[in-house]
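Produce the complete structure using the sequences and hints provided.
Number of protein chains: 2
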Amino acid sequence: MKKLEVEEKLSKIAKNIKSSIIRELLKYSTQPGMISFGGGVPDPETFPRHELAEIASKIVEEEYRITLQYSTTEGDPVLREEYLKLLERKYNINNLDLENIVITTGSQQALDLIGKIFLDEESICAVSSPVYLGAASAFSIRSPMFINVPLESDGMNVEFLEKQLRNLDEKGLINKFKFTYVVSNFHNPAGVTLSLEKRKKLLELAWKYNFYIIEDDPYGALRYEGEHIPNIFKLGDIEHVILLNTFSKTLCPGLRIGTVIGDKNVVRKFVMAKQSADLCSPALTQRLAARYLQKYDIFEKLSRTLELYRSKLTTMLKAFEEFLGGIEGTDWTRPQGGLFTWVKLPENVDTMDMLKIAMAEKVLYIPGEVFHIDEKGKNYMRVSFCLPSHEEIIEGVKRLTKVVKEYQKKSR
Amino acid sequence: MKKLEVEEKLSKIAKNIKSSIIRELLKYSTQPGMISFGGGVPDPETFPRHELAEIASKIVEEEYRITLQYSTTEGDPVLREEYLKLLERKYNINNLDLENIVITTGSQQALDLIGKIFLDEESICAVSSPVYLGAASAFSIRSPMFINVPLESDGMNVEFLEKQLRNLDEKGLINKFKFTYVVSNFHNPAGVTLSLEKRKKLLELAWKYNFYIIEDDPYGALRYEGEHIPNIFKLGDIEHVILLNTFSKTLCPGLRIGTVIGDKNVVRKFVMAKQSADLCSPALTQRLAARYLQKYDIFEKLSRTLELYRSKLTTMLKAFEEFLGGIEGTDWTRPQGGLFTWVKLPENVDTMDMLKIAMAEKVLYIPGEVFHIDEKGKNYMRVSFCLPSHEEIIEGVKRLTKVVKEYQKKSR
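Chains as they are written, first to last, in the working numbering: chain A, 1 to 412; chain B, 1 to 412.
For the record, the hints were derived by calculation from the structure and aren't laboratory data. Keep in mind that this is a model prediction, so the values were computed, not measured. Hints may contain errors.
[Said to hold, decoys possible] Okay, derived cross-link-like pairs now, DSSO-like style, lysine-lysine, Cα gap no bigger than 30 Å in a straight line:
| no. | chain 1 | residue 1 | chain 2 | residue 2 |
| --- | --- | --- | --- | --- |
| 1 | B | K405 | B | K318 |
| 2 | B | K295 | A | K58 |
| 3 | A | K163 | B | K12 |
| 4 | A | K208 | B | K15 |
| 5 | A | K2 | B | K163 |
| 6 | B | K12 | A | K18 |
| 7 | A | K2 | B | K171 |
| 8 | A | K176 | B | K171 |
| 9 | B | K18 | A | K12 |
| 10 | B | K18 | A | K264 |
| 11 | A | K171 | B | K3 |
| 12 | B | K163 | A | K12 |
| 13 | B | K171 | A | K3 |
| 14 | B | K2 | A | K234 |
| 15 | A | K85 | B | K27 |
| 16 | B | K2 | A | K3 |
[As the list claims (entries may be wrong)] Cβ pair distances, simulated, as ranges:
| no. | chain 1 | residue 1 | chain 2 | residue 2 | range |
| --- | --- | --- | --- | --- | --- |
| 17 | A | E61 | B | S29 | 23 to 33 Å |
| 18 | B | S19 | A | D120 | 14 to 24 Å |
| 19 | B | H228 | A | A360 | 47 to 57 Å |
| 20 | A | N175 | B | S29 | 37 to 47 Å |
| 21 | B | Q31 | A | E61 | 26 to 36 Å |
| 22 | A | H390 | B | P230 | 56 to 66 Å |
The C-beta atom is built at its ideal place from N, Cα and C for all residues, glycine as well.
Structural data, given as structure tokens:
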């Protein structure tokens with residue numbers, strides 16, 4: 001009997017899949033004494049557990065014919081309807097019906113389906129640099145060509161994108177260009193928000209060059225200060241914009257509920273692709289979210305969470321100022337919401353290389369290079385403030401500062 | 001502004017995805033007066049709703065840090081451990097540890113990941129003819145070459161497969177051959193079970209030609225009579241066999257929990273592919289199943305369900321004998337378990353074409369051709385007996401008989 005090694009049998013896609021470094025890193029976050037700025041996971045104390053426990057029991061007992069049975073691929077109609085109501089109430093997004101929405105198993109499935117639906121090897125798409133890792137991995141297994149658009153403090157450099165598109169158009173390649181992927185509010189990892197002006201400009205490009213804008217907005221409801229900027233989806237037209245969202249940050253991640261809003265022909269393609277991906281998302285978790293939305297005002301409940309995160313962000317920015325600011329060449333984004341800040345360190349710092357010192361000093365961050373398809377970002381790091389306590393944030397930033405200084409001393 | 005049509009932007013894969021005909025058909029199953037033999041869904045009255053309701057409430061309230069949070073991609077460790085115990089207790093499958101198992105969002109995700117991990121356009125794989133539709137759709141979007149192995153009353157024709165493999169070997173193409181996909185017990189749609197002899201023969205082929213056997217066993221626990229035949233996985237070695245299972249038929253489908261058991265290098269690939277597919281399955285539904293398995297004997301609970309299905313199957317086979325048997329050229333499988341019988345009608349009957357008469361007569365089945373990649377099976381239909389009542393089964397078979405007679409009269 002020959003030994004069968006899985007490597008002999010892998011598809012091209014499987015050879016392209018890399019294990020997430022974040023995943024590997026987060027294993028260290030539970031070491032005793034470790035202060036972790038690594039994860040982007042919400043604080044479980046913010047989850048409405050009493051309310052969800054009561055609903056869960058009730059819907060299993062009384063709605064078992066729905067909640068314990070297969071769902072439809074499109075998703076629970078009650079949840080879809082409640083979510084559309086929520087979009088109308090909160091974001092003034094209206095004129096949608098059930099055919100404009102499909103529920104996915106978390107936002108990650110939506111990203112995977114986007115790759116499946118739109119990308120071939122010869123396809124082209126645009127993403128920001130840095131980019132959300134989950135999107136990068138879902139798209140890159142299809143091996144498309146990426147336009148990596150630099151991210152600025154007011155979101156992606158739309159003029160850079162325009163130049164690239166003009167270039168593609170001149171070369172006759174514009175029909176290969178499928179979409180631009182944007183995290184419009186409180187970007188992961190960078191914390192920045194796309195300005196109103198740039199949203200409008202991006203839409204003009206989408207109309208001119210006829211591509212989709214994939215607007216991913218998991219953090220939009222987590223605004224701690226400043227004015228809400230209308231979604232690109234709201235500013236634009238349903239034919240050119242596909243809006244992704246999730247309940248992971250506003251309710252809890254354990255339900256794995258993502259939403260895709262778009263033109264009904266687009267949604268139809270998502271449904272067909274989802275059918276072969278997992279048939280349907282769990283009926284139980286979907287109905288749980290639906291009944292919660294009917295019974296409670298999710299945004300009112302969220303307001304206490306926002307208060308908590310806002311104060312943690314303030315603590316972190318202050319600690320940066322006090323400790324990290326002393327090192328020349330450092331800078332960081334000052335987000336108005338979301339879960340992340342993006343810290344720039346001096347050019348000679350390689351944050352991946354610096355990790356071993358950080359581990360020894362018991363502080364964890366995510367190195368910037370993992371958020372880049374274009375191998376940039378080596379002197380950046382993603383720092384999340386939502387999980388550690390105020391004391392841990394201050395102590396953690398002190399440690400980080402020490403780590404950077406030690407690293408610089410060693411590399412001299 | 002140009003109109004953006006989604007068809008302009010589709011990937012090759014998306015162009016290959018077809019909407020499921022079953023899905024479309026099942027919309028009719030709720031019409032008043034319709035007797036549906038169409039769905040393969042379990043009877044919701046068999047779901048242990050009181051037990052699950054109690055556990056659901058408890059684990060949301062007390063284990064919210066787990067159940068409402070992101071899970072790991074591999075799946076809930078408690079569930080994985082409980083499932084391994086169950087395999088040992090029920091099937092004498094042992095020597096496995098947590099690295100040999102990954103939880104998927106239903107079995108369908110496992111099938112999709114198999115396509116992703118193993119299949120390129122130039123790959124070759126073997127499936128039975130007829131084939132489980134969910135597998136066919138997950139594999140065929142990758143556009144591999146299929147070997148369609150005829151299904152017999154004791155499972156796939158292994159000699160046919162052997163000839164094809166020899167053929168591939170002679171042509172120097174055997175390294176393109178990735179796997180044989182088998183539903184070993186109570187096949188969907190055909191109801192047949194792979195004999196012990198054929199299981200052993202299949203394993204010999206896998207060892208000789210070095211390919212994976214994907215053993216999909218959703219119905220194995222639903223045996224109503226006869227002796228359990230050891231799983232191919234149990235008879236073979238973990239290097240060549242990957243075992244898929246699901247809780248959809250033994251507990252309930254609403255949780256969407258599938259399991260993949262295999263060599264740890266294989267499981268690692270599933271985990272990596274799943275990471276970009278949906279990050280993780282819901283923590284809540286996984287822990288719910290885990291605590292249920294700890295508290296109750298799932299097979300003891302299942303025994304009442306088996307009694308119910310067994311008696312419905314008996315009623316159906318008797319009704320076939322009494323009514324359908326009167327039509328020359330008809331035959332059907334006599335399954336010892338599972339949810340389906342597979343009915344052969346005279347050669348001149350096209351069951352897809354016959355549907356409109358069936359609809360008018362208020363009886364629903366699934367036409368055989370949808371279970372074929374090789375465009376065969378036009379005079380077959382899949383008939384499920386688990387959902388309708390005894391009275392409905394008898395009345396439904398009467399209607400089916402009438403439909404066939406009417407169809408034959410018209411086509412003469």
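**Prompt:** Honestly, which of those hints from before does the structure not fit?
**Reply:** 8, 16
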